[in-house]
Amino acid sequence: MSFSSPAVRVSLFVTALFLFVNLATRPQAAAQAAKKLKIYISVDMEGVAGVVTADQLGPGGFEYERFRHFMTNETLAAVRAAKESGANEIVVSDSHGNGESLLIDEFPKDVRIVRSWPRHGSMMAGLDQSFEAALFIGYHASATNMQGVRAHTFSSAHLTRVSLNGNAVTEGEFNAAYAGAFGVPVIFASGDDAAIAELKSRLGNIETVETKKNLSFHSAETLTPESSCEKIAAGVKAALDRLHDFKPHIIKTPVTLEISFKNYMPALMLSYLRSVQRVDSHTIRFVGNDMPEVSDFVDVVDGYRPDLAP
Numbered sequence: 273m274s275f276s277s278p279a280v281r282v283s284l285f286v287t288a289l290f291l292f293v294n295l296a297t298r299p300q301a302a303a304q305a306a307k308k309l310k311i312y313i314s315v316d317m318e319g320v321a322g323v324v325t326a327d328q329l330g331p332g333g334f335e336y337e338r339f340r341h342f343m344t345n346e347t348l349a350a351v352r353a354a355k356e357s358g359a360n361e362i363v364v365s366d367s368h369g370n371g372e373s374l375l376i377d378e379f380p381k382d383v384r385i386v387r388s389w390p391r392h393g394s395m396m397a398g399l400d401q402s403f404e405a406a407l408f409i410g411y412h413a414s415a416t417n418m419q420g421v422r423a424h425t426f427s428s429a430h431l432t433r434v435s436l437n438g439n440a441v442t443e444g445e446f447n448a449a450y451a452g453a454f455g456v457p458v459i460f461a462s463g464d465d466a467a468i469a470e471l472k473s474r475l476g477n478i479e480t481v482e483t484k485k486n487l488s489f490h491s492a493e494t495l496t497p498e499s500s501c502e503k504i505a506a507g508v509k510a511a512l513d514r515l516h517d518f519k520p521h522i523i524k525t526p527v528t529l530e531i532s533f534k535n536y537m538p539a540l541m542l543s544y545l546r547s548v549q550r551v552d553s554h555t556i557r558f559v560g561n562d563m564p565e566v567s568d569f570v571d572v573v574d575g576y577r578p579d580l581a582p
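In this note's numbering, the protein residues as written are 273 to 582.
These are calculated hints, taken from the structure and not from any lab test. Fair warning: there could be bad hints in the mix.
Below, in silico cross-link-like pairs of lysine-lysine (BS3-like), each with a Cα-Cα straight-line distance of 30 Å or less [said to hold, decoys possible]: (1) K310 to K534; (2) K355 to K472; (3) K534 to K519; (4) K307 to K534; (5) K381 to K355; (6) K308 to K381; (7) K503 to K310; (8) K534 to K485; (9) K472 to K509; (10) K307 to K485; (11) K381 to K310; (12) K503 to K472; (13) K485 to K472; (14) K307 to K509; (15) K307 to K355; (16) K524 to K355; (17) K534 to K355; (18) K381 to K307; (19) K509 to K485; (20) K355 to K509; (21) K534 to K308; (22) K485 to K524; (23) K308 to K355; (24) K308 to K485; (25) K472 to K534; (26) K519 to K503.
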């Protein structure tokens, strides 16, 4: 057969064109396959299965060391589920108490962990627009909720209400608004039934796991740690399976923050700042340009003491 015939020349041209297109698109396909799926996990402790009192929540509690393991295991369940769903970069924020509760030696070596305080972004420190989604583990209800195990907002000792643009918020909603400022949606949360109900009422149909039903501030009907971990893993996978269904929780800027204190002296002293308005005997108002500024202000209010050292 002659290579000079028209039919053969057309056949060779088509073959060459196919090879060229295939080779040219291969790097693009490889780049898409290697696309990063970054997940941020913020972890509190009050919403972990079995937690009901201070006995589980801090170094002075007789059950704290055991419950550090349970808190760590719930977080690991979320980490493993995220990895199995394609996450190839994960940051975990240890956001309870002193910020040093998670047992970091039990995590995979490619996970990064945010620890201790102070830190810009507080419970969401290290989050930026490069993340695809955020997950909440062990979250609790707000200070204004009459239900919920250990319900509070940022400080059970000092604060009675925190609001954004006139709406009282949970720590979860506050943190979701912070993530929203970077275009990152919250897609999953675990905690007691009161915490989950509050979050769903504000964030919509996110995936959730109810780790316990509150019976009072210091009592609950709880899942076992093993059952809670299994449900969290399934919930995280379900959330990531429909990742594109979620939208960031974005609130209007500038952001009006109000904080109410148990005592009147903090409100009085903070009102000496020209950027702060005293709304009533126990409440101040601050207007920030965006959520990062508001978050920093809350951290200063809740964390500053004249005897801070070093």
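Hints the structure fails to honour: 1, 3, 4, 10, 16, 17, 21, 22 and 24
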